[in-house]
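Protein chains: 4
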Amino acid sequence: MSSRFIITLSCPDRPGIVAALSHVLAENGFNITESQQYSDLESGQFFMRVACEGAAAKDRLSAELNPLAAGFDMHLAIHEADKKQRMLILLSKFDHCLIDLIYRQQSGSINMDIAAIASNHETGRHWAEGAGLAYHGLGQKQDKADNEARLNALIDEAQIDLIVLARYMQILTPQFVARHEARIINIHHSFLPSFKGAEPYSQAHKRGVKIIGATAHFVTADLDEGPIIAQGTEPVRHDMSVADLVDVGRDTERRTLARAVSLYAERRGFINGTKTVIFD
Amino acid sequence: MSSRFIITLSCPDRPGIVAALSHVLAENGFNITESQQYSDLESGQFFMRVACEGAAAKDRLSAELNPLAAGFDMHLAIHEADKKQRMLILLSKFDHCLIDLIYRQQSGSINMDIAAIASNHETGRHWAEGAGLAYHGLGQKQDKADNEARLNALIDEAQIDLIVLARYMQILTPQFVARHEARIINIHHSFLPSFKGAEPYSQAHKRGVKIIGATAHFVTADLDEGPIIAQGTEPVRHDMSVADLVDVGRDTERRTLARAVSLYAERRGFINGTKTVIFD
Amino acid sequence: MSSRFIITLSCPDRPGIVAALSHVLAENGFNITESQQYSDLESGQFFMRVACEGAAAKDRLSAELNPLAAGFDMHLAIHEADKKQRMLILLSKFDHCLIDLIYRQQSGSINMDIAAIASNHETGRHWAEGAGLAYHGLGQKQDKADNEARLNALIDEAQIDLIVLARYMQILTPQFVARHEARIINIHHSFLPSFKGAEPYSQAHKRGVKIIGATAHFVTADLDEGPIIAQGTEPVRHDMSVADLVDVGRDTERRTLARAVSLYAERRGFINGTKTVIFD
Amino acid sequence: MSSRFIITLSCPDRPGIVAALSHVLAENGFNITESQQYSDLESGQFFMRVACEGAAAKDRLSAELNPLAAGFDMHLAIHEADKKQRMLILLSKFDHCLIDLIYRQQSGSINMDIAAIASNHETGRHWAEGAGLAYHGLGQKQDKADNEARLNALIDEAQIDLIVLARYMQILTPQFVARHEARIINIHHSFLPSFKGAEPYSQAHKRGVKIIGATAHFVTADLDEGPIIAQGTEPVRHDMSVADLVDVGRDTERRTLARAVSLYAERRGFINGTKTVIFD
Chain A
0 MSSRFIITLS CPDRPGIVAA LSHVLAENGF NITESQQYSD LESGQFFMRV
50 ACEGAAAKDR LSAELNPLAA GFDMHLAIHE ADKKQRMLIL LSKFDHCLID
100 LIYRQQSGSI NMDIAAIASN HETGRHWAEG AGLAYHGLGQ KQDKADNEAR
150 LNALIDEAQI DLIVLARYMQ ILTPQFVARH EARIINIHHS FLPSFKGAEP
200 YSQAHKRGVK IIGATAHFVT ADLDEGPIIA QGTEPVRHDM SVADLVDVGR
250 DTERRTLARA VSLYAERRGF INGTKTVIFD
Chain B
0 MSSRFIITLS CPDRPGIVAA LSHVLAENGF NITESQQYSD LESGQFFMRV
50 ACEGAAAKDR LSAELNPLAA GFDMHLAIHE ADKKQRMLIL LSKFDHCLID
100 LIYRQQSGSI NMDIAAIASN HETGRHWAEG AGLAYHGLGQ KQDKADNEAR
150 LNALIDEAQI DLIVLARYMQ ILTPQFVARH EARIINIHHS FLPSFKGAEP
200 YSQAHKRGVK IIGATAHFVT ADLDEGPIIA QGTEPVRHDM SVADLVDVGR
250 DTERRTLARA VSLYAERRGF INGTKTVIFD
Chain C
0 MSSRFIITLS CPDRPGIVAA LSHVLAENGF NITESQQYSD LESGQFFMRV
50 ACEGAAAKDR LSAELNPLAA GFDMHLAIHE ADKKQRMLIL LSKFDHCLID
100 LIYRQQSGSI NMDIAAIASN HETGRHWAEG AGLAYHGLGQ KQDKADNEAR
150 LNALIDEAQI DLIVLARYMQ ILTPQFVARH EARIINIHHS FLPSFKGAEP
200 YSQAHKRGVK IIGATAHFVT ADLDEGPIIA QGTEPVRHDM SVADLVDVGR
250 DTERRTLARA VSLYAERRGF INGTKTVIFD
Chain D
0 MSSRFIITLS CPDRPGIVAA LSHVLAENGF NITESQQYSD LESGQFFMRV
50 ACEGAAAKDR LSAELNPLAA GFDMHLAIHE ADKKQRMLIL LSKFDHCLID
100 LIYRQQSGSI NMDIAAIASN HETGRHWAEG AGLAYHGLGQ KQDKADNEAR
150 LNALIDEAQI DLIVLARYMQ ILTPQFVARH EARIINIHHS FLPSFKGAEP
200 YSQAHKRGVK IIGATAHFVT ADLDEGPIIA QGTEPVRHDM SVADLVDVGR
250 DTERRTLARA VSLYAERRGF INGTKTVIFD
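Chain order of the listed sequences is A, B, C and D. Each step along the first sequence adds one to the number in numbering that gives the first Met the number 0, with nothing skipped, and position 110 is 109. Each step along the second sequence adds one to the number in numbering that gives the first Met the number 0, with nothing skipped, and position 116 is 115. Each step along the third sequence adds one to the number in numbering that gives the first Met the number 0, with nothing skipped, and position 74 is 73. Each step along the fourth sequence adds one to the number in numbering that gives the first Met the number 0, with nothing skipped, and position 210 is 209.
There's no promise every hint is true.
Intra- or inter-copy, both count: the list cannot distinguish identical chains.
To be verified - With a Cα cut of at most 30 Å, we get these calculated BS3-like pairs of lysine-lysine:
#1 LYS143 / LYS274
#2 LYS143 / LYS82
#3 LYS274 / LYS195
#4 LYS195 / LYS205
#5 LYS195 / LYS83
These are calculated hints, taken from the structure and not from any lab test. Remember, it's a predicted structure, so these values are computed and weren't measured experimentally.
Using the sequences plus the hints, can you model the full thing?
See the structure below:
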């Protein structure tokens with residue numbers, strides 16, 4: 000009986016990493032089915048993602064790889080490819096990204112479970128509950144401390160792997176962000192770094208750009224400055240109003256966010272300082 | 000014997016403009032072959048481009064349209080569709096946009112003549128002279144006053160309609176820009192307003208964006224703030240160096256600039272405050 | 000009190016059409032807010048779409064335009080811009096286009112009502128009923144005559160303007176198609192004319208193309224040969240299975256179909272023989 | 000002193016290939032800088048591209064890898080990364096792809112040398128000679144045997160690695176194609192398999208498609224059926240003539256061909272039966 004694993008690792012670059020890893024895998028009867036690597040000349044960091052399959056259990060594989068990880072000073076993780084991660088979706092008023100994530104999850108396009116949904120608005124409830132998903136109401140801005148306490152409890156209880164800000168318009172505290180480092184993804188409704196901050200479509204309309212965009216990024220303490228995972232763009236015309244840009248933008252947002260979530264689900268995104276490495 | 004004209008106009012919006020114009024054209028035996036209009040609700044300005052053909056000469060048509068233009072407080076211009084405008088191309092070291100404009104002009108893709116080329120570098124001379132085009136050497140930054148004086152003389156003498164900054168890396172004086180208002184187009188090697196200023200590809204690389212772009216805009220006294228005519232984007236990957244971005248960007252730059260020049264050649268671009276109206 | 004109308008017309012091309020139409024509109028106090036025209040040199044047909052607003056009622060405008068239409072041998076129609084058309088959605092097993100149309104209708108992105116949904120499968124029922132929309136079950140292939148009779152009754156009763164085949168996998172009879180000429184839109188899951196017929200994603204996978212696509216077209220008696228309204232494409236890679244292509248393709252299909260339906264809703268698509276004229 | 004190599008291999012898939020290869024490389028002091036692999040479930044073939052650097056010479060590396068290649072029944076090739084391959088460009092009347100390849104070669108965008116150019120038309124001579132490149136005149140269709148004999152002599156003498164059909168409108172004989180198996184790339188001016196054969200832009204215009212494309216493929220005895228390397232698409236409108244499609248298409252053709260040639264230059268394209276594996 001065979002198991003499929005995805006191994007992700009990063010470490011200071013030096014010769015012999017691939018040979019050492021593939022040697023351990025071969026010795027333990029694993030076949031490598033997909034492998035990608037990147038060596039960042041600036042940071043000196045090496046990144047690798049390996050998909051493999053073999054008969055050994057995760058514990059055994061882990062025990063075999065531990066010495067290697069120690070020797071190369073690696074951050075190494077072994078993921079069971081068939082075990083779905085669990086997602087918490089946060090949103091405010093706009094529900095287009097929520098609906099899209101629900102559909103993609105149901106159709107198998109995103110290989111992850113939606114464990115819970117939480118929002119400070121009721122617009123998404125109908126779609127969530129129609130899909131049989133729990134919808135948790137949150138308080139408004141003044142209730143931030145309470146909201147985040149409730150979210151933390153929910154995240155722990157529901158064993159959440161990824162928090163998706165699917166047009167969640169409240170700013171998270173640095174404490175919350177730090178607690179969930181590298182596992183919060185936000186969709187920003189502009190082509191960052193253009194039009195940071197509030198109302199990017201109004202800003203874009205005012206500037207008269209001919210293309211608008213959306214940016215999915217990991218959330219860090221620096222607002223709109225987190226490592227970018229995916230971006231999308233769409234042409235616009237002079238005769239479009241702000242409302243038209245919002246309408247066109249919805250499509251770009253939901254596709255860009257879905258792509259970022261899908262990359263995360265398949266362990267294809269790595270944080271590399273203020274940037275990302277994406278193996279797709 | 001029939002002539003083809005392109006009529007461009009802008010004026011404060013009010014009812015009856017289209018009817019009045021089409022009435023004059025019909026009375027004078029003109030057939031409208033293409034017509035586009037836009038009413039900007041914010042500025043209250045109306046913009047129109049009409050292609051027509053008929054037997055009357057330009058003077059006659061002009062005389063017939065003058066009362067209309069006066070009555071509606073119009074900026075109205077009548078262009079002979081078959082008379083090519085004349086372009087001056089300025090560049091510095093990078094010659095990819097120059098080569099592309101030469102090729103597109105020769106292949107008939109851009110309906111405009113290249114009347115002259117000027118540069119503070121010699122890299123483009125070979126391609127220009129190979130195409131039989133005059134190549135004027137300019138001085139370096141310290142010679143700005145002299146350079147612009149020579150350019151002005153060249154522009155007057157060669158009867159230039161459009162000045163194309165095809166990666167010309169010197170900043171023009173406000174006086175020069177003012178003298179050639181609405182007829183200087185620049186290609187900026189970023190997706191504005193992202194990465195204004197120097198070395199946008201280095202900035203983009205540092206930020207870790209997943210898409211880069213280029214922006215063609217009318218030049219105004221405000222650097223990188225002129226009305227945007229066209230933009231283009233292209234995806235990039237984490238493993239691309241700054242040099243790779245420059246390489247990918249060359250393609251986007253030359254296509255975006257060519258599109259802007261082609262729109263200008265066909266009188267399809269209108270300045271509307273800090274933005275443009277593009278009838279394509 | 001002002002009304003907004005969209006006038007669509009086609010007729011043999013000859014001088015004076017625009018002037019005559021804009022004269023009538025101006026005489027009746029109408030302001031033209033948008034106008035597009037196209038003269039097909041091959042067929043000699045002229046097409047025009049005019050958006051206008053004014054105080055006169057539709058009957059009055061119609062009476063004023065009738066002599067014009069007769070004089071120029073026009074097909075002319077006057078549409079109330081604020082009156083939504085009514086759509087019937089047909090689907091089989093795959094529900095991604097249905098869900099997308101429901102969402103776009105609800106968010107105001109498509110300016111049309113969904114009057115009814117019918118299907119020979121149950122997969123879409125859940126989403127339809129969740130959105131409060133009637134879902135009519137149809138029989139299978141052997142029941143075609145009965146199915147079409149029921150559809151015709153439904154179409155008449157629900158006053159359907161547009162029939163959208165949102166991945167409806169049954170072939171309609173020539174009689175049904177003829178009865179609803181120029182008001183059936185299909186989404187074909189390939190970039191036509193590539194991969195006509197069954198299982199286009201399997202065909203695309205077998206051929207090893209690097210881009211897949213989708214095509215929205217008016218339905219005619221000639222399968223997969225109807226006038227094309229919109230097409231979309233998306234890059235694919237060698238390591239994608241047929242199932243991966245299906246997954247990527249869902250996105251392209253729903254966007255392409257939504258675009259076609261939106262163009263129809265705004266009266267921007269004209270049939271010109273075996274092709275279309277699209278004023279967007 | 001370090002050398003950079005690119006190793007390409009294909010063989011029947013089975014466990015241990017990556018481990019064995021990386022072991023040999025590590026034993027010989029090579030560092031793997033880039034690695035990609037693909038296992039085709041249908042054909043059972045395994046494909047791999049590895050970039051590595053180390054102190055050993057090519058002969059030594061080759062001797063070390065030979066037993067491995069024999070053991071796994073591999074097609075294995077070792078390429079010196081810094082040694083440029085040599086390209087022969089064939090064209091007929093249209094010179095846009097030629098000019099683009101010359102520019103990209105000169106700017107370093109394509110890492111390959113243009114060793115020679117041959118054509119049955121004179122249009123490209125001016126650009127070729129301006130770039131200091133030999134331009135060989137060929138006879139017309141009736142001289143096919145003589146043309147191919149001359150081409151074979153030129154290919155041998157100039158040590159050509161890749162033959163690029165940059166809009167070469169003559170059909171090559173099966174003998175010529177067989178002699179240069181897997182090293183002839185053609186640009187077809189349509190989005191294959193749509194519009195095979197002659198005049199694809201006319202076919203596309205007649206069908207009324209909304210997107211046109213270009214296809215770069217390896218040339219095989221089956222015309223327009225060779226393994227596809229790269230495709231590109233561009234939107235078009237109803238008001239474009241065949242000449243307009245040709246104009247838009249030139250851009251798509253030259254970009255698509257340049258991409259295919261660049262992939263070849265970097266050993267990123269593998270033939271897999273009637274398809275390709277592209278590691279980019």
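- Message: Taking the earlier hints as the rules, which of them does this structure contradict?
- Response: Numbers 2, 5 - these are the hints that the structure violates, sorted from lowest upward.
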